[in-house]
Amino acid sequence: MSPLLDLAGIFVFALSGALQGVRKRLDVVGMAVLAFFTAVGGGVMRDLFIGVQPAAFRDMGYLLVPIAATAIAFFWHPHVERAMPGVLIFDAAGLGLFCAVGTAKALHHGLAPPHAVFLGVCTAVGGGVIRDVLSGERPTLLYDRQLYAVPAMLGSTAMAVLYALDVRGFVATLSAAVLAFTFRILAMRYGWRAPLARGISGPR
Amino acid sequence: MSPLLDLAGIFVFALSGALQGVRKRLDVVGMAVLAFFTAVGGGVMRDLFIGVQPAAFRDMGYLLVPIAATAIAFFWHPHVERAMPGVLIFDAAGLGLFCAVGTAKALHHGLAPPHAVFLGVCTAVGGGVIRDVLSGERPTLLYDRQLYAVPAMLGSTAMAVLYALDVRGFVATLSAAVLAFTFRILAMRYGWRAPLARGISGPR
Amino acid sequence: MSPLLDLAGIFVFALSGALQGVRKRLDVVGMAVLAFFTAVGGGVMRDLFIGVQPAAFRDMGYLLVPIAATAIAFFWHPHVERAMPGVLIFDAAGLGLFCAVGTAKALHHGLAPPHAVFLGVCTAVGGGVIRDVLSGERPTLLYDRQLYAVPAMLGSTAMAVLYALDVRGFVATLSAAVLAFTFRILAMRYGWRAPLARGISGPR
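Chains as they are written, first to last, in my numbering: chain Y, 1 to 204; chain W, 1001 to 1204; chain V, 2001 to 2204.
Some clues are possibly wrong.
Derived DSS-like pairs: lysine-lysine, alpha-carbon spacing no greater than 30 Å straight-line [claimed, not checked]:
#1 V:2105 x W:1105
#2 Y:24 x V:2105
#3 W:1024 x V:2024
#4 Y:24 x W:1105
Hints are computed from structural coordinates only; laboratory data are not their basis.
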């Protein structure tokens, strides 16, 4: 994946963390903490689970981009909130990119495809879970009934299949990311849901 | 420990995670997330603290067994809930196995016995804490006044003593596990409690 | 840093964890869990992020000191609570020491200064966040409007600057720690605050 795309994903996720900070009326330090861990949390989990040092603590972009997102949310959060439908589209793009990149990194380190798919999903959804736990909320991933992990699972699976077929690099990443992105957008548009256990009628 | 016993422990813990998901009315994806992290969370913590790559991301069983437990909870959760007293017995068995296995792995990697005991307890109780934090609950381990970490501590200590006496392998694991299991069952049966700080009258 | 200073920091943080356990009316096991993870949680995060085995599971002091702090809180918590203004001063000292030590360790392992500063702050504030998440509270770090991460950031930055100037060892650690300590005490004394996002009026 081009580093630029990677940083775009970091930026969108950091923005969602910083905005959560604003909604919770945290000070600028709390906003930055949420921005950083929302953006890099999933990737850090993936790297620890793979058994390598988290890339987030080697690369300047992973530190600077969340700071920039915090500054933007600090000064212009009403505008960003108003642009939320647009932000959700970027978030779907981040989801797509992160699941593709995370799966590829796990495969590259020799994990079996099913585990690589799992870690791709962790990369994509882990940051949001950490954001919610840190800000004292029940994880949106579990309680919001939207499809969020499922599109990531689809994109990660596509990535693993392409990898097995020896389609790698930019083309594979982009294809898998676009698939996850499209599925996520359709799921939002048409309110697709995953089933509840038999006889259960909705989250409480 | 025979892999079969290991997978049995994973299965029981995964079932407890999936059932928590049903109680919280999560969809099938949320159930699977809780099932997986309840089952492997303690072992992942242990491996990260030992400094090795978590075994959960190398072995297919650790992925398939939680999926099977999720499926069972999805279709038959009322029957499983009704069989809860039985499930608690299996949970005690999982507790016993996990503390023994966790302690042995830490000793095997050269940790000192006190740290190995500590990591054995983490292996046994860590998944439940992660389950509760992810589902937005206060950790049962801390707030429920039952003895849960103490039986694990006993089993882990027994394992470390046997290891020092050069009793290893299946016999040692099973002895330590049975000790922790028995103590846990007795603690439940007779309502044994750990003391509260002087002058304090109960959790709130 | 002299090991004695290090253990003093561990002790103060462990005491804050054990007292939180008393306030939540946890039993002695719950108190010990909070004491341990409050004391070593930040350092464990730092070591995982650096990519080395957490030191806390190699050193007996990291295990014994939290146990001692738990015993003290168990028997004499009313006296300790009454001495809280004093405890807060020790906590500020722990904050200073931990940010300095954490930054130095990260630099020593070849991380770039900005990442080392970040990990110094994690070392200093991470344990408190884990304490709050485990005990089912919203993290004080984010929701309490006191300056806590900012003094750590100042001390970590000082440490990184001194390191770049080849001032290392005891003198550097102590200077950085005293700087963070002093700033933290002044921030408490004068109620200094970090700014909220534009147009936001306070935490909720």
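Verification of the hints:
Annotation: proposed proximity of residue 2105 of chain V to residue 1105 of chain W holds, straight-line Cα distance about 27 Å (limit 30 Å). Distance hint between residue 24 of chain Y and residue 2105 of chain V is unfulfilled; the C-alpha atoms sit about 34 Å from each other, more than 30 Å. Restraint check for residue 1024 of chain W and residue 2024 of chain V: the C-alpha separation of about 24 Å stays at or below 30 Å, so the hint holds. A C-alpha spacing of about 43 Å is found between residue 24 of chain Y and residue 1105 of chain W, which places the hinted pair above 30 Å, so the restraint is violated.
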